[in-house]
Structure formats: structure tokens, C-alpha cells
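Q: Chains A and B are the protein sequences, given in the same order.
Per full-length UniProt numbering, residue 1 is the first one in the first sequence, and the count goes up by one each step.
Per full-length UniProt numbering, residue 1 is the first one in the second sequence, and the count goes up by one each step.
Incorrect hints may have been included.
Where chains are identical, the list cannot tell them apart; a pair therefore holds if satisfied intra-copy or between any two copies.
[Claimed, not checked] Below, in silico cross-link-like pairs of lysine-lysine (DSBU-like), each with a Cα-Cα straight-line distance of 35 Å or less: (1) K543 <-> K303; (2) K225 <-> K370; (3) K229 <-> K595; (4) K306 <-> K543; (5) K306 <-> K375; (6) K571 <-> K78; (7) K575 <-> K225; (8) K225 <-> K478; (9) K422 <-> K478; (10) K575 <-> K229; (11) K571 <-> K229.
Note that these hints are calculated values from the structure, not bench results.
2 protein chains.
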Amino acid sequence: METDAKMPEGDEVENTDSSASETLKTINGGNSSTKLDEEIRHDLELAAVYVSDAQYNRNIFFDTSPQGVRLYMLYNHKAMLVLVYLLIIVNLGLAVFEDPALVPLPIWATMVAELICLSAFTGRLIHYAKVIPAKKFWKDAKNICIMVIILLTLVDMIIYGSMKAAGLYGVRWSRVLRPLFLVNITEGRQLRRAFRSIRNALPQIFYVFLLFIFTVLMFSLMALKLFGKRGLLTNNGSPYFTDYLQIVFDLYVLVTTANSPDVMMPAYNANLFFAIFFIVYILINTYIFMSVFLAVVYNNYKKYLKEEVRQLVRAKRYKMVRAFRVLQETLGEEPTVSQSRWNQLVRMVQPNISNAHRELLWSVSDTDRKGHIGKMAFVQLADILNIQVITMKSRPHPLQTWQPGLYDSAPSRFIRRIVQHKVFVYTYDLIILVNAVFIGLDEENPLISNVEWLFLGLYILEILLKLYTFEPRGFFAKHQFWNWFDTIIIISALIATIINSSLSSAGSSRQVLDIVFILRILRLIRVMDSIQRFRTIINTLIKIGPTILTFGQLILVVYYIFAMVGMELFKGRVKFFESGSTDPQHEFCGNPLLKGTDFAELNYCRNNFNDIISSFILLLELTVVNQWHDILYETSLGAHARIFFVLFHVVVVIIIINIFVAFVLEAFFVEYTVAKSHLQTSLEKKIEELELGVQQDDMDNNLVESMETSENDLGSNEAGKGKPSLMFRIASKRYKTVDGLLQKIFEADLGPEDIIEEEDIENPPQSEANIQNPVYDAI
Amino acid sequence: METDAKMPEGDEVENTDSSASETLKTINGGNSSTKLDEEIRHDLELAAVYVSDAQYNRNIFFDTSPQGVRLYMLYNHKAMLVLVYLLIIVNLGLAVFEDPALVPLPIWATMVAELICLSAFTGRLIHYAKVIPAKKFWKDAKNICIMVIILLTLVDMIIYGSMKAAGLYGVRWSRVLRPLFLVNITEGRQLRRAFRSIRNALPQIFYVFLLFIFTVLMFSLMALKLFGKRGLLTNNGSPYFTDYLQIVFDLYVLVTTANSPDVMMPAYNANLFFAIFFIVYILINTYIFMSVFLAVVYNNYKKYLKEEVRQLVRAKRYKMVRAFRVLQETLGEEPTVSQSRWNQLVRMVQPNISNAHRELLWSVSDTDRKGHIGKMAFVQLADILNIQVITMKSRPHPLQTWQPGLYDSAPSRFIRRIVQHKVFVYTYDLIILVNAVFIGLDEENPLISNVEWLFLGLYILEILLKLYTFEPRGFFAKHQFWNWFDTIIIISALIATIINSSLSSAGSSRQVLDIVFILRILRLIRVMDSIQRFRTIINTLIKIGPTILTFGQLILVVYYIFAMVGMELFKGRVKFFESGSTDPQHEFCGNPLLKGTDFAELNYCRNNFNDIISSFILLLELTVVNQWHDILYETSLGAHARIFFVLFHVVVVIIIINIFVAFVLEAFFVEYTVAKSHLQTSLEKKIEELELGVQQDDMDNNLVESMETSENDLGSNEAGKGKPSLMFRIASKRYKTVDGLLQKIFEADLGPEDIIEEEDIENPPQSEANIQNPVYDAI
């Protein structure tokens, strides 16, 4: 063993795994059998941690002593992670209760909650500091960042508390820092990566932006000179294009198309040919410059992400080589790992893996059936573990074992044949469409509400028939998304409808009815799944879902910061009155400055910064961009509101939305072009060799191969005839992790030097730092 | 000669080129010297046509007899092309004068003009029919298309004319077909290609669109059920979300963000949590689906264009091989072309090429200095002719030859050193910025208008100083874009200012003043060019300019068709009154139905279909999308207006704008990634070898290498010291043709099978049709 493992001390090693006691050559041999067992166990644990790190792309340089490894496993325990994320959500959620609050709570309550969160984060940080060497800990910017945030927050809390105690006005400025916990937490890798790729793209974006601003300023100057002296009036009677700064703002808004064509109308009404000015402006600034922004963001995103994923793959292979070193035995001339050790390792890494699945993976790795594998084959382990293999047991229907005579009788077989026929699916598609029409009709008509019961009955009948025909455990297997979807929707609809009808005799509840409606309409989605072309598109969209979550976090961080600043700056400027209000202030949102403005006239009073939820919705409206110049009720907000709103526009619309679009583009191109990855194909080949595969439907794989296809021949014992009782299928295109998708995206560009990286890894100490820490730096 | 050339008949061959008479081995030898000369001349002409076709990617299968070649050369003559395009513009422009007219003309006048255009198009078609074989002519869809359009137009004109004569109402429906002339004309290759790539992308777009519409319908149903029964009111007091079709339309408009957040406000005001419905809707339909549309369009665009460019390259090489066959001589074992024939050919293809440039190209082709080149080297000719080489003659300043003593005196040298110094550039940048501030100030102040004279004087001084320092012919060389720009702007400004001041003593003219202002502000663009980073971005934008023109044509075709239909459907529904009008109808645009609508209130009366210009501006506003639901003044237009407007949105915004964005993205990626192409590099190497290169400035080529860099050392005799009197520089990154850029885009993907395609071409007859006709089919 080349690891820096300390000698195991005789402590609480439980020898639960009997197969771990088999003899094997350890390089630094122990004397007593217990010691040997302990060592073997430690080696396995260490290797399992390496494999698991490689599998999930963790890049933490942990202490390899037995205690270190245990501590590290505890650090990575799921419960710990869930707790940390929960506390981050609680910490962020405190904004709901703090002034300006949606649900006001006393200051001490929110303070105590925040203190609990902060101490938990501190605890987590201390745990992390114990896991990794002290030098590494202090070199890592994200740890420093967390410490600084905690300290600043404490200082702010003390100041704010004492200000409040003294009856003075205080600002909780440290709330802006809260989302940074989400970014700097160890597991926020994807998020940090997204921020890094934004940061890397910034210089180029900046130059294009400068040029863009220059163009806007120049056109504004031209507009001032062309229109300023003509005495034109805007629609609300104010002078048109006479103030330079106002023109700059109006033309900036025009780039976002929000005030088109209003801003043009006075000039256009005065002279037909003034429209040319605006056409040229829109062409250059809206179409060309915005495309250039997308191009710059997309290009940088691709470039830097490629580099990062390359480092990730390198780090993964390095970790797998370390795991191999820990477990290796020198049987012949080459170091190898035996099947038994490999089995122990896989069982430790993924405790709930089935024996059949594990043996399949082994047969893929050990292609020559030698009983042991070399380094190259071992290194694949992290990748093949990440390939989702669906194990399907072809077992008889429970009814068949219970009542074989009845189940195999002619009428029963007829029913089952009908259910498996395509016409059955088409009939139900038709029923759903007819149902859609009935949903559209007035539900207060008693006839129609009774017809709803009929439809509900039909849907329940469908599920029962399918359960009769198909083996239930196969029908409700993990990956049968649409079966689960159907069943849950139908049962919920049944329950909600029953509740609703029992209530309506007493007095109808609007909320329950709403739920009933939504459930009824969600049933319609099923039709989309019946059409192959649609299904392929939907599957692609579902696949990019997890990564959209990363962007969700990104947006959350940016929104939260802007919401906090916005609330401090603009809270209470506008009041919202319920629509029944008789308050005379109702008309101008409680702010006399807004009298007669578009803001008040369009009834935008609820678009305000008075609480965190309203702020988020307002920021979303600003992201959609339209009417943002009206939402920017500047008369009541002051000039700094413009800076705030334009800054938001630049950050969110120009940068983040473009990165989002870039990601969707890239993901779709990958789906369109890249074939299945090499490893998946080798696994598939093996499955075919072993004749364990389930035939795929003969659908065209135009976009993506669907994975919910074999619904009809799944689990039915007719389909299972003549086939082995156990079948595998690869959920080939669904990625367990976001990293998987990213690696897939850039796989085509990853050269062979990344595959055969081992020679460099043979003597790693000095390169270790480079390999271990590619994603270490915080934002 | 393997061509199917007919024996030359003794006709008007003028033997102008004396070098053409030199003896060489022709494969089918002639007897008399005259005949030989004629044949040589014909061979040269034929080869020149092939090379020119290859250079400009023309794919016309012409008759190779001497008459055929002459006819074909006439067909491709620039004057003919200009005339055809001019007549197409006239034909399209007739809409300005036809009812509903901007400038009404009698029907007979427009009819006569149209007849002239049609007969010219017919003539052109007949010419084309004479150039290519009859079979080819009738197989080509675009010829049939032109004939059908001409026939239909004539029929329509007769019907319309007789209807009008009878005093009946007639519709000029054939006007919709007019833009198809632009598409189906032989030279409209780029445009046809764009249409083809749209057509190819349509099936995939269609499925995504269906899914998108399904989603909209489902959300609309949900909205109807959730909000319909709550008795909510919109801002103008009408019931909110009670009519299904209205909801569908409102939610479709929400996808384009045009009615955000107005459409949400009533629900949001009623309950905070209803906002979730709209947020989910916007996320799915606006962000995800619109990105998917871009991805689908982009992907298809890329895929099909790649295939077409591959065919184009293949056809080009094939044509070059044919040219080689015509000229080849078998000196040794391999067929070659001698330098003298090559020279004659190049002189014929590009009559205005300089001898030095031609010799440079030869030395690139004939790397071994053998005096003749093989097929491989010859085939490059079309490509190297397309590389723009700037020939710079380093000659002394005319003042130096005229007054050497004065020009080389100490004060003169001092002035020249100052002008060449960086500080001189910075000083003028500062002057421009100060000038910008003065422009912004009130020009009616006499002080400021006098300061303007000062600035003008300073700019003129700058130009004079530069002309004093740099050699004038070098300063005003073809590629010195910014020098030309500066000089033209300054001189125009000088003239306009003089006219203006002479007029203002009599009575100021607003138009002249406008021109003065615009020219003054355009001067400011110069600052952008001084900053290297900006210059690189601008150069990229300038480079994609020609291709943006193709999209301009595409947009023109689509706009024209929609404008014609729109004018027939909606003309006269809305009247525009000048702002001073006292007509009581002024308030509601002359249409009582519009009373109190947003359309009238926002003063949108000029947004109408009353003439072609207004229609185009209206369609542009619809392309920008914002407020299109208000522009769609449905009360006065009827329900079919919605179909028209939505159709326009789908065609222009979802398809064409996305293709535009796709093109800009692709062009930028090429600029970012692809290095100089192989041929350019070999030419550059040669230039370096010959020590004729001009040193590039040591700028960073972050985006693109600029080409207006050597302004300072160009033509000045100091810089020329010790260097040869003739220098070349490659205008490497500017493409002469759009095809050049496209080929560059896909060059990276064009495999070696496209480079060494000759073996297939050795025996072409059956593959000829495939190679010759890749871009033949019309839309």
C-alpha cells in the first residue's frame, strides 16, 4: 500500500463481513489475524471512499487514517447533507419572518433560529477542518468565506439587536450574505462552477457591453438632436426626447423591447421617416448586440466548462487509481484486484445493489473471465456504477400462482390480450380527449359533474385492468414513470372528488375544487406520452431537469441578494389594498406620488418590495422584462431605482438567462449528435451476449430513445416465455448526476490523453495538488 | 481536350492577346494557325469561365461551344445582373404606387412598369434557356416557377384591368408572388439555401410546436377552471379568464412576454399564490420552449448547411478539374499547365489583377519553381484568387519628390514624427470626446455653434496632417476603411455646415440641420476604432454583414408577402390624422369601434396597413413583439386578424429570427475558434519567404485580427526604409463572398475526402448530375 495510512490501533472493528477475512497478501503485513482483518477492513473502507468520491466527483483531500476515513464517511453521510441543506433553507427562509415580514415574528425568535443555523454551519466547518489537513483547510477560499460570513453575521446581529433595544433604526445588511452559504458549502460544486464560468466570461462580456453602451449613448445623442427641438409630446403630454439621461434610459428600455413601439410613436407620427432611426437602432442593439451577448456567454461557458470537466475526469481517474493501489495484489507480473475483493468493495460502495447487477458489472470488467482485473478495467468502476441498469425479474403474475385455472381461462386471456393491444391505448387516448372537452364545459351543470364520475371510473378501470394483465411489481417498478404518474393522479383525483362532493352537500370548498380541477387536467398529459415524437422531446426535457435545478439555485442566489437590497431600499413605498377596499388611497397604491401614473392605472400596487415573496415575484416580472419601465415606479422610488433595475437587468437577463439558453442549446445538441458513450455500449454488448436484454420497441430514435417503452411487454408472463427469468435493461440516457450530463456533453472533446492518464498518476505527489484541487476555490 | 466543345467556326475572333499565340500541344490539333489561335482562345475562355464559376460558386451547366461560352459570359456579365436586380426592386417597389398607395399613380402607369419588368424577366429566362441544355432547363424547378409566376401575374393583370375598366372591385392577388422573383432568380443562391434550410427544419419544428401548443391549451384549460368562476375583473373592467379562446390567445401572447405582467395582475391581486401558475407557465413556455425552438432551428440549420457547403466544395473542385483538363499539356508523365497559360487564364479571370499579385499567386502554386503546375496545385486557384491580398507600394511622398529639401527639413520631420506618435491619436480621441459634450449642449447658443467650427477645423487639420505625413495613395488605399470614413464624414459635415450657416442667415432649414447633427455624431464612431478591443468586435460584426444581407432578403420576402395580404385584408380600417388635426375622428383613428381601446389611447393610429411603408413598419413592430396584442386592434379587424398576426409571429419570430441568431452564433464561434485556413497560411508563408510582408502591430488577436492596423506605418517613407518597394498583406479574415464565410464555418468539418475528391471526378458523367445540381431546385 502506498497510502500514508497509520497503523490501525486495536479499536472497535466489528467483523461483520465474513468474506473479508479471506487471506490475501498485504504489502505491509500485520502479525495477528485481528490486526490483518482490521487492516483489510480499513483498506476496503478507504477504497470504497475513493470509488464513491470518483462516482460523485467529490474532490476532498481527506486524511487516510482509519479515523480520518470514518470521519470523512460521516461527513459525506446523507443525513448530514440533508440537515445542512435544510438549515440553509431555514436560514434563507428567515426573510419571511423578518421585517419587512410576510408573517411577522418577534426579533428574538428569528435571531435564535439564525444562531442555531450559524452554529450548525460552524460545526460543519469544524468537522470539515478535522477531515482534511490543516494546510489545505486554510488555503481553501470557500472555508475562509464561510468563516467571514458567520463573523459578519454575528457582528450585524449584535449591532442590530442593540440598535433595536435602544429603539433606533437598524438595517440587517448581513442578510445579503446568506445565499453565499449555498454557494460555499462543500457540496455546492455545480453552483460554484456556474459562478466561475460567469466570472470567466465577464471580461469579454464587459467589452461587448461597453461597446453596446457606447452605441446607446451615441444613438441617444442623435435622438436628442433630431427630436429634442421639434416640440413633440409623448402620449401623456410630457415633452418628448428633450432630456439626455431620459433618452438614454428610454433607449435602453427599447433594447429590451419593453416600450416598443410607444417610444417611437411620437416621432413616427410626426414624420414617417423618423421610423428609420428606430429601426436601425433596434436592428443593431436588440438583434445584433443581444445575439453577440449570447454568443460570447455561450462560447465562454463551453470553453471553461470543457476545461473543468477535463480536470474532473482526470481527478476521477486519479482517485480510482488510488483505490486500485489500496486493493491491489500482485498475482502475476501485473498488479490486479481479485473478484472477491472487488465484490466486497462494490457491496460497500453501493449496499443495495443486487447480486445479479453486481455480477453483470464484473463480467463487463473482467472480459477474459480471469477472476481478477487490472488497473484499466478497475478504473472503469466509477463510470459503470453510474450507469443505471434496470433489473427486471420476469415472474408470473400473483393471480396466476394463486388461481392458475381462472387466470389462464379463455375469458381471462381474452381480457389480457385486449389490454395489451394497441387499440386499448388508442381508446383511452380518445377517452382522455373527450374528457378534455367535458372539463372545458361548465362544471355546475349536474349532468357534466356526473359524467366526471364516469371518466374517473374509466380511468380506475384502466389501472385495474393493467394490474390484472401485467405483473404488479413490474408495473410499479422504479423506472415506470408514467404508470406511477397515472396511478397517483387518478387516486388523488378520486380522493379529492369524494371530499369535494361530500363538502358540496354542506358547502363547497373552493380550494378542494381547485385541486380537483388541476388533477383532472394533469391527467391530459398522458396523451402526450402516447405520441412517440412528443415523448422523445419530453424525455430530453426531463433529462436536462436536474441541471435546470442548478440554474434554479443560481437564480435563487441572485434574486435573494437583489430582494434583500430592494427591500431595504424600497419597502413600504407602495401599499397594496385588497380589491374590496374602500380606502381612498386604493387608487394610487397609498402613495400620492403615484397619482395618475401608469403604475397605479395598470393596478400594479402588488408589485412591490414589501415582503420577500412579493419581491421575488417582482424580480421575476423584471426577468420577463416586459413593462419593467412601468413597474419601475420611479416617481416614488427615486433615481437610484433606475440603477438598481438596470443592474438587475444586466446581471439576470444578459448574463444568467443567456447561460441558461446556452445550456439548453448544448444539452439538445448532445442529444441530437453524440451516440451512446463507450462504456454504456460495452455494458450493453455484455447484456446482449448474456442474452438478458429486453427487446426495445421498434420506435425511431430520432431524438432520444425513450425509456418507458416496454410497458406493454413488461412483466406480462406471455412476454417472458422462453426468456430467462432475469433481465437487464440500461436506462442508458438518464444521468444520475449533473456531472454525468456535463461529462457526456464534453466527452466528444475529451482526447485520449484523458483516458490514458495513468502514467502521469504513477508518481503523483507534486501533481496531486493540481489534480485534487481543481474545484476548490470559492467564488 | 475531353470537353464536348464543337469545332470553332470561322467567326469574329479578335486576336488581341499576343501571348495567346504561343505554340503548345493541343490534344485535338488544328491545321491552320488561325484555327489554332481561335481554339486556344476558346480554351482559355472556357477555362476562365470554369474558374470564375468555381470562384463564385456558380453551378450552371452551360454549353461549352464558343458561342455557348460567350453567351454564358454575357449572362454572367455584371451589368446584366445589376439590371435584373434593379428591375426586381422596381417590380417590388410598384406596391408604393398601387392601391392602397403611398403615392397614387394611375393604374396604366404601374401596369406598364410591371409589364416591362415581366418582359425583362422573360428575356433573362430565354437567355438562360439558351445557355444551358434544354433538358436541364426544364428539369429545373426554379425556371418553371418563374414561368408560372409570370403567367399568373399576366392573368391577374388582365382580370384586374378589366374589372377596373368595368368599375368593379378587384384584388391584385398576384402581388404576393412578386418576392418569389428574388428567390428564384439564378443568383439568389444564398436566399434559396436559407429557404431550404428552413424547409428542412420544419418537420422537427412542427413537432416541438405541436407540443408547445398542447401545453398552452392545457394551461389555458387550467386557467379557465381556476380563475373563470371567481368573478375577477381585468384592469379595464371586463371579466377575467372566462372565455377559453380568449385565454388561449392571452397565454400565447404571454409566451412572447408582451402582456406580462398585466395578464397576471388580476389573479395575483386576488391571491398571492396564483402567481405560481404564471411563473410555471412562463418558465416552461417562454424560457424552455423558446430555447428548444432555437436549439432545433440552430441544429437543423447547421446540419443541412454543412451538407450543402460540402456539395458546393465538391462542385468547385470538379469545375477546377474541368478547367485544368481544358488547359492541360502533357510535358512529362503527368499533365500540367505552364506558367504562360496560367498567366493568360488569371488575366482573363481577373483583368485588374496586378502583375506582382499574379506572380505571388504563381509562386504559391508552383512551390518547386518548375515553371508548370500539376492538377492539385491548379485546383487551388479558385481559392487563392478569393484571398484578398493587399498590394502596397512603398513609394516616396509626392511632396518629397517635388520639394525634397523642404519636406525633409527639420521642422517638417518633426511634424511628421508627431503625427505618427501615439499621443497624436490620443489627443484626437480626447478632442472627439470633448466634442461629444459640446454636441450635447444647446446648439442655439452662439458660443457653442462657434465652437463647432473650431472642432471642424481641428478635424480638417488632422486629415491634412496625415496626408502630409503619409503617402496619399497609401492613405486612401482600397482597404483603409477608417481613413475613407473620416474624410467623407468630415467633408460632408463641412459642406452641410456651410450650407446650414448660409441658410440660417436667411431662415434655417430643419433638414440640413438634421444632416449636420447626424454627421457630427457619426464622427464619434472614430473613438471606438481607437480602442483595440472594440475594433476586433466591430470587425467581426462587419464581416458577418454580407450574410446579414441574405437575411435581409429573407425578411424582405416574408414581410412583402405578409404586407400584401395584410393590406388587402385590413387597409383603410384605421385612419391616421396629423397631430394638428381638429377632426373629431382623430381620437379614435377614424374608426368608431376603436373608441376607448388601448390602441386609440396609446395613439397607435399610424400603425396600419394603409400603404406599403406603414405595413412594413407595422410588421417590424410585430417582429419586436412588444405590444402586439394592442397593435392587433381586433375590435376593428375581426377574428381573422388574430390568425394573421399569430401566423406572422410563428413564421418570423420563431423561425426566421432564430435562424438569424443561429447564424450570428455560428459566425462568432468560427471567429473565436477556427485558425486561418490552410490556403491562406500557405500564401502567408510565401509572403514571408519573399520578405514582402508588412509587420503586423503587436496587438492581441483575442477576437479577430484587425486589418486596419498598419495605418501608422503605411505609406510613410520612413517605415519603408530598407524594405522592398512592394509589399503584400493578406486581408485574411475578410471574405469576398458569403459562401466564403460559410465554407470557412464548415471547413473544420469538411473531411479529407472533400479535399482529395479528384479520383471520383476522373470519370464523372454519371455523377456529374449530382455534382452539378446541388443548388438547382427552387423553393
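Q: None of the hints should be skipped; say for each whether it holds.
A: Tested hints:
Proximity of K543 to K303 under the C-alpha cut-off of 35 Å is found in both arrangements, the shortest distances being 22 Å within a copy and 23 Å between copies. In this assembly of identical chains, K225 and K370 lie within 35 Å of each other by CA distance neither inside one copy nor across copies; the values are 85 Å within and 66 Å between. In this homomeric assembly, K229 and K595 come within 35 Å of each other (Cα to Cα) both inside a single copy, at 29 Å, and across copies, at 32 Å. In this homomeric assembly, K306 and K543 come within 35 Å of each other (Cα to Cα) both inside a single copy, at 20 Å, and across copies, at 28 Å.
Taking identical chains as interchangeable, the C-alpha atoms of K306 and K375 lie at most 35 Å apart only when both belong to the same chain, with a minimum of 26 Å there against 42 Å between chains. In this homomeric assembly, K571 and K78 never come within 35 Å of each other (Cα to Cα): the closest approach is 39 Å inside a single copy and 68 Å across copies. In this assembly of identical chains, K575 and K225 lie within 35 Å of each other by CA distance solely across copies; the values are 30 Å between and 40 Å within a copy. In the homo-oligomer, the alpha carbons of K225 and K478 lie at most 35 Å apart only across protomers (33 Å), although the nearest pairing inside one protomer, at 68 Å, exceeds that limit.
For the identical chains of this complex, K422 and K478 are intra-copy neighbours only, at 24 Å inside a copy versus 71 Å across copies, given an alpha-carbon limit of 35 Å. In the homo-oligomer, the alpha carbons of K575 and K229 lie at most 35 Å apart only across protomers (27 Å), although the nearest pairing inside one protomer, at 39 Å, exceeds that limit. Proximity of K571 and K229 under a CA criterion of 35 Å is satisfied inter-copy only: 34 Å between copies versus 39 Å inside one chain copy.
Comparing the model with each numbered hint stated earlier shows that hints 2 and 6 do not hold.
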